[in-house]
Amino acid sequence: MAGRKLLIENVHIPGIETFDVYRKNGGYASVEKALKKMTPDEVVEEVKKSGLRGRGGAGFPTGMKWSFLAKPEGVPRYLVCNADESEPGTFKDRYLMEKIPHLLIEGMITSSYALGANVSYIYIRGEFMYILHILEKAIAEARANGMLGKNILGSGYDLDLVVAPGGGAYICGEETALLESLEGKRGNPRMKPPFPAVKGLWGCPTVVNNVETIAAVVPIVNNGGEEYAKIGIERSTGTKLISASGNLVRPGVYEIEMGVSVEEFIYGDDYCRGIANGKRLKACIPGGSSVPILPAHLVTKTAAGENRLMTYESLADGGFASGSMLGSGGFIVFDEDQCIVRNTYTFARFYAHESCGQCSPCREGTGWMEKVLHRLENGHGTMEDITLLEEINKKIEGNTICPLGDAAAWPVAAAIRHFREEFEWHVTHPAEAQTRNYGLIQPRVEEIKAL
Amino acid sequence: MIKVTIDDIEVEVEPGTTILNAARQIGGEVVPPAMCYYSKLPGTGGKCRTCLVEVAAGSTADPRPMPKLMASCSTAVMDGMVVKNKTSQRVHDNRGGVVEFLLINHPLDCPICDQAGECHLQDLGYEHGSAKTRYREERRTFDPIDIGNKIKLHMNRCILCYRCVHVANQLTDKRVHGVMHRGEHAEISTYIENAVDNDFSGNMIDVCPVGALTDKTFRFKSRVWFLKPMEAECSCTKCSGKAVVWMFGNEIYRVTARKDKYGEVENIEDKTAWICNDCRFEKKDPNAWNITGPRKIDRHSVISQGKYATKIDKGLNKIG
Numbered sequence: 001m002a003g004r005k006l007l008i009e010n011v012h013i014p015g016i017e018t019f020d021v022y023r024k025n026g027g028y029a030s031v032e033k034a035l036k037k038m039t040p041d042e043v044v045e046e047v048k049k050s051g052l053r054g055r056g057g058a059g060f061p062t063g064m065k066w067s068f069l070a071k072p073e074g075v076p077r078y079l080v081c082n083a084d085e086s087e088p089g090t091f092k093d094r095y096l097m098e099k100i101p102h103l104l105i106e107g108m109i110t111s112s113y114a115l116g117a118n119v120s121y122i123y124i125r126g127e128f129m130y131i132l133h134i135l136e137k138a139i140a141e142a143r144a145n146g147m148l149g150k151n152i153l154g155s156g157y158d159l160d161l162v163v164a165p166g167g168g169a170y171i172c173g174e175e176t177a178l179l180e181s182l183e184g185k186r187g188n189p190r191m192k193p194p195f196p197a198v199k200g201l202w203g204c205p206t207v208v209n210n211v212e213t214i215a216a217v218v219p220i221v222n223n224g225g226e227e228y229a230k231i232g233i234e235r236s237t238g239t240k241l242i243s244a245s246g247n248l249v250r251p252g253v254y255e256i257e258m259g260v261s262v263e264e265f266i267y268g269d270d271y272c273r274g275i276a277n278g279k280r281l282k283a284c285i286p287g288g289s290s291v292p293i294l295p296a297h298l299v300t301k302t303a304a305g306e307n308r309l310m311t312y313e314s315l316a317d318g319g320f321a322s323g324s325m326l327g328s329g330g331f332i333v334f335d336e337d338q339c340i341v342r343n344t345y346t347f348a349r350f351y352a353h354e355s356c357g358q359c360s361p362c363r364e365g366t367g368w369m370e371k372v373l374h375r376l377e378n379g380h381g382t383m384e385d386i387t388l389l390e391e392i393n394k395k396i397e398g399n400t401i402c403p404l405g406d407a408a409a410w411p412v413a414a415a416i417r418h419f420r421e422e423f424e425w426h427v428t429h430p431a432e433a434q435t436r437n438y439g440l441i442q443p444r445v446e447e448i449k450a451l
Numbered sequence: 001m002i003k004v005t006i007d008d009i010e011v012e013v014e015p016g017t018t019i020l021n022a023a024r025q026i027g028g029e030v031v032p033p034a035m036c037y038y039s040k041l042p043g044t045g046g047k048c049r050t051c052l053v054e055v056a057a058g059s060t061a062d063p064r065p066m067p068k069l070m071a072s073c074s075t076a077v078m079d080g081m082v083v084k085n086k087t088s089q090r091v092h093d094n095r096g097g098v099v100e101f102l103l104i105n106h107p108l109d110c111p112i113c114d115q116a117g118e119c120h121l122q123d124l125g126y127e128h129g130s131a132k133t134r135y136r137e138e139r140r141t142f143d144p145i146d147i148g149n150k151i152k153l154h155m156n157r158c159i160l161c162y163r164c165v166h167v168a169n170q171l172t173d174k175r176v177h178g179v180m181h182r183g184e185h186a187e188i189s190t191y192i193e194n195a196v197d198n199d200f201s202g203n204m205i206d207v208c209p210v211g212a213l214t215d216k217t218f219r220f221k222s223r224v225w226f227l228k229p230m231e232a233e234c235s236c237t238k239c240s241g242k243a244v245v246w247m248f249g250n251e252i253y254r255v256t257a258r259k260d261k262y263g264e265v266e267n268i269e270d271k272t273a274w275i276c277n278d279c280r281f282e283k284k285d286p287n288a289w290n291i292t293g294p295r296k297i298d299r300h301s302v303i304s305q306g307k308y309a310t311k312i313d314k315g316l317n318k319i320g
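Here the protein sequences come in this chain order: A and B. Numbering follows our numbering, in which position 321 of the first sequence is assigned residue number 321; successive positions increment by one, without gaps. Numbering follows our numbering, in which position 287 of the second sequence is assigned residue number 287; successive positions increment by one, without gaps.
Hints listed in this document are in silico derivations from the structure and should not be mistaken for laboratory results. Fair warning: there could be bad hints in the mix.
Unchecked claim - Label pairs and their computed distance ranges (CB to CB): (1) B:Phe-142 <-> A:Glu-136: 40 to 46 Å; (2) B:Gly-80 <-> A:Asn-307: 44 to 50 Å; (3) B:Glu-14 <-> A:Phe-68: 39 to 45 Å; (4) B:Met-66 <-> A:Asp-337: 42 to 48 Å; (5) B:Lys-271 <-> A:Glu-183: 29 to 35 Å; (6) A:Ile-134 <-> B:Arg-136: 44 to 50 Å.
Small disclaimer: the values here were computed from a predicted structure and weren't measured. Heads up, the beta-carbon is just placed ideally off N, CA and C, and yes, glycines get one too.
Chain A with its partners taken away, still in its complex shape (with noise of 0.2 Å):
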C-alpha cells in the first residue's frame, strides 16, 4: 500500500490551483489555526516536535534552524523560499509550486508568522518563468481573499509576499549566494560565519527553507508535529518527495513515507514498478547528482547486508565507502546499457559550467576534472588520469566556500570508488568504449544477477 501523502494528495483535484478549490478542499487551514489560536513560538514549537529535516538536500533539522534565528529589536526578518531547484535528477519542488500553488503560499504565511517576517521572499529558478506567474497568480487570490496584506484575518500580522526570479544558475541555491542574488548582486555565496539566521538578506536575520520544507509545515500546523513525526523512522519523520527519474518503468515524483525500503521503491507496483524493458538496475543515485553514486549491490541492500531504506540514516549507512545520502530526493536509476564514465563526465560538466569562480579549488578543479574525464570518456585516457582525478578530488573537497566544491567532487569520487574497472576498462579499450558499454560485457552483471 502506497503510504499517507500529505502534499500533494490533493494535486489531482481540478481547479486545485485557484484560491477556492483549494480553499474548500481544507486549504489555508493552517493559516487559520496559527494565526488566531497560536503564537509564533507554539508554531516554531510544533515545527520542532515533529523532526521535520530540510528538504533541500543537507537535511538540517528546520526547528532548529529556526530557533537560531536572531532576534534583535528593531529590525526585520525574513524567510527566504529556496526554489531555485536546479540540482539535476530534482524535480518535486517544481511540481509541487506548478499542480498546487497556494501550499506553498500557504506554508510561507504560516512559517512567516512563527519567525516574526513581515516581508517574506520566493526566490525561483529562471527557467521557471512559467511558474512565477502561477505563484503571482496565486498570491494575489490569497491577497484578495485577506490571507495576505495587512492585518490577515483580523489577527494584527502582516504579511508580503514577493516572488523574485534568479538567471538561472544553479549555484544561486546555495543559500547564502541565493541571498546576494535576490540584493542584485553576483551571485558569489558568502563567507560563513556569519550565517544567514544572524546575518543574511540586506544584513538582517534571515531563514532560507526549501519549497518542500515550506509546504511540510501546513500539516504539520494543521495536524501538530507529534503525529507528523509518527509517520517515518527515528530521527526521518514525515513525508518526502522524490525525483525518481532515469530507467524506471514510471519515474515521477512520488510523495513517500520516510522510511519505504528502497526495493520496495524501485519495485513495487505503488512507485516506480523496477527497471524498463526488463533490463536489470547497475546503479543508482539516490539524492539528486551531487551525492555519491552507489552500485546495484549497495543499491537494496546495505553493506552490513541490512535492507536499506529511504531515509536519511539508511541511504547514508556505510559512510562513502559504501553509501551515499538522501539529499534533495533526486532519485537517478541506471539500467544495464547506462555508462558510468560517460554519466560522471556530464555531472562533471555540468558541475565546471556552474562553479561561480570565486574560489580558486573549485573554479580550476571543476574544469581540470571536466576535461580529464572527457579524455578517458572520449578514449584518449591513461591510468594515471584515475588516479588524477581521486587526487583532484581530495583537493577540492572541504577546500571550498560553499558545498558546491564537496558536490562536485563526490561523484567522481564515488563513480571510481565503485566503478574503478568501467574507468580502467575505457582506457584499456578505448575504440570499444566508443560503441558500446563496459556492463553489457563484463562479469559485474553477473554479481548483479545473483542479488
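Please build the complex by placing chain B on the supplied structure of chain A, with the hints as guidance.
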C-alpha cells in the same frame, strides 16, 4: 584580550581578530600566505584558499578540532584556539593543491612579466609548487586588453582574487570593471571595453598579487630587481604624496605606493597611503619629488636578494 596558539606559539589578540592577523602579530614563518585577502580593503579574503589552516582545537569552551581546513583570513580566533599552519602536513598538502590549481591555467610567462620578482604567485609556486605540471590540456587564454590608457590587463595571469574589484568599489567613485562570467570562464573585464579612468584606479596595480594588472608606463622597461627603490614625497593635493620611486641612475622608472612585507600598502598616520594616478603615472621627473632616502624592501620574494643563498645554506647545513 584572548589567547590563541599558532604553531605552538602563543599570542594575545583583540577579540574578533582573524587567525591570519593573529599570525601576522607573531610574524615570520607562521604567517599563512594570502593571495586575495588585503587588510586595507574590507570585504576581501576567503577566495584563493591559500591561507587554509588546521584548527586543532576550536576554543577553550569547545576544544573539538574543526573538521575542515579553515580560511585563516576570514575565521575569527576564539579564546584557547589552537591553530596549525607550518606544523600541519595536511595544510601543507592542501596548500600545495591550491597552488597547483592556481598554476594550471597560469601562463608561467615570468620571464616577460613585469610582476616577476614581486609576484606572490611566484613565491607560492617556489614554496609549494611541484616542478612538473600534471595538466595536459590547453591553458585558458585571453587577449591582453587596455583598461584605460595607463593600465594593461593580462587576464591569462589573473587568479581572480577580486582585490582590484574592491579597490574600484572602495577607492574610486564609480566601478566600471568587475568579474564577468563564471567558473573557469570568469574574467576581470570592463563593461564593453569601457576605460577605467579615475584618479585612484592605479592602485589596482599595487593590489594585484600577480602580473594581471600592470603599469603601462613601466611595461618592459626594466626588471624590478635592477631598480633602486627610494622613499619620496611630493606635495600632492589628491593623495598623501608619500610613495616609493624606483630609480635607475637618476631616472625614475616607476612610482608605487609604499608596501609592507605582505605586499600591502602601508598605513601612514593611520590612513592607508594609496597614491593617485598623477603621482603614479605622470611624475617621472626626479625634481618633482623630494627623495628622502632608500626604501628597505622585504620583497618576500623568491628572487629577493640573498633568498636563494639562505635556502641553499640551510640545505647545506642539513646535509653537513
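Here's how the hints hold up against the structure:
no.	hint	result
1	B:Phe-142 <-> A:Glu-136: 40 to 46 Å	holds, 41 Å
2	B:Gly-80 <-> A:Asn-307: 44 to 50 Å	holds, 46 Å
3	B:Glu-14 <-> A:Phe-68: 39 to 45 Å	violated, 26 Å
4	B:Met-66 <-> A:Asp-337: 42 to 48 Å	holds, 44 Å
5	B:Lys-271 <-> A:Glu-183: 29 to 35 Å	holds, 30 Å
6	A:Ile-134 <-> B:Arg-136: 44 to 50 Å	holds, 48 Å
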